[in-house]
Amino acid sequence: MIYSMTGYGKSVLQLPTKKITIELKSLNSKNLDLNARMPSIYREKELDLRKLMAKQLERGKVDFSIYVETTADDTSTQINAPVVKQYMQQLKAVYNDGNDIELLKMAVRFPDALNTVREEIDNTEWAQIETEIHTALNSLKDYRLNEGKVLEQDFNDRVKNIADLLEQVITMDPERVEGVKERLRKGVDDLKEKYDENRFEQELVYYIEKFDITEEKVRLNNHLNYFIESINSTDSNGKKLGFIAQEIGREVNTIGSKSNYAPMQQLVVQMKDELEKIKEQLLNVL
Numbered sequence: 001m002i003y004s005m006t007g008y009g010k011s012v013l014q015l016p017t018k019k020i021t022i023e024l025k026s027l028n029s030k031n032l033d034l035n036a037r038m039p040s041i042y043r044e045k046e047l048d049l050r051k052l053m054a055k056q057l058e059r060g061k062v063d064f065s066i067y068v069e070t071t072a073d074d075t076s077t078q079i080n081a082p083v084v085k086q087y088m089q090q091l092k093a094v095y096n097d098g099n100d101i102e103l104l105k106m107a108v109r110f111p112d113a114l115n116t117v118r119e120e121i122d123n124t125e126w127a128q129i130e131t132e133i134h135t136a137l138n139s140l141k142d143y144r145l146n147e148g149k150v151l152e153q154d155f156n157d158r159v160k161n162i163a164d165l166l167e168q169v170i171t172m173d174p175e176r177v178e179g180v181k182e183r184l185r186k187g188v189d190d191l192k193e194k195y196d197e198n199r200f201e202q203e204l205v206y207y208i209e210k211f212d213i214t215e216e217k218v219r220l221n222n223h224l225n226y227f228i229e230s231i232n233s234t235d236s237n238g239k240k241l242g243f244i245a246q247e248i249g250r251e252v253n254t255i256g257s258k259s260n261y262a263p264m265q266q267l268v269v270q271m272k273d274e275l276e277k278i279k280e281q282l283l284n285v286l
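Under full-length UniProt numbering, think of the first position of the sequence shown as 1, with each following residue one higher.
None of these hints come from the bench; they were simulated from the model.
Among the hints, a few may not be true.
Claimed, not checked - DSSO-like, lysine-lysine: derived pairs with alpha carbons at most 27 angstroms apart:
| no. | residue 1 | residue 2 |
| --- | --- | --- |
| 1 | Lys277 | Lys25 |
| 2 | Lys258 | Lys272 |
| 3 | Lys51 | Lys10 |
Since the model is a prediction, treat every value here as computed from it, not as a measurement.
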């Protein structure tokens with residue numbers, strides 16, 4: 001079973017005086033890259049939240065946000081009355097047209113005219129927020145699982161395509177070997193020179209062995225089976241599958257370089273195309 005690194009999770013908590021929205025977005029990344037956005041009142045909890053995200057999500061470029069929307073008469077900002085009055089007195093000394101409203105509008109724009117009272121986290125409220133954070137995390141992990149199922153089906157299809165192409169290579173191999181023999185024999189005959197038949201047979205065996213792909217065919221088949229086994233295992237992960245894909249690519253490339261036969265090389269090109277698509281999708285696997 002595999003998980004995608006792409007995911008989305010959201011949870012909303014409605015409190016008497018505010019609505020709190022928790023949102024999680026995840027994209028692929030080599031490591032965990034967490035970007036947290038939250039009101040300053042919750043900043044003291046950020047380290048704990050990062051540890052939680054690292055444990056639950058493991059890898060990915062993750063955007064974690066807490067949005068707070070006030071829904072009642074509840075504000076932490078208050079007018080600093082003494083400072084505002086002082087500003088107004090100074091303004092009257094400079095400009096006084098008897099319109100205190102205009103002076104007040106100007107005074108509240110000056111520094112320190114408003115005080116923001118630092119709020120303390122309410123433990124009961126935070127416990128509710130934590131519950132919603134876990135809900136959002138579970139939602140994101142479910143999303144990742146569903147995306148992983150889509151990737152898994154794609155991998156199975158493409159590995160089967162490579163396996164089918166390998167079967168064609170295996171079927172075609174005797175024809176390739178016979179073609180190599182015929183070309184060599186024709187090349188020698190065209191020289192119109194007498195030659196030692198035994199020596200020719202020895203050289204022919206050496207040449208055929210040099211271009212033999214039996215081991216590569218066996219190893220490639222084993223790697224394909226191991227890839228499918230790894231997808232279905234409990235410890236499946238993108239890095240492990242990436243290593244197996246590299247080994248698959250190594251055998252495919254060797255078959256291509258040894259084949260020396262156009263029809264077989266065409267099959268190798270198709271295998272490489274399927275493998276490249278697998279590698280692209282592996283970047284999204286957790």
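* To do: Enumerate the violated hints, using their earlier numbering and listing them in ascending order.
  => Result: no hint breaks.
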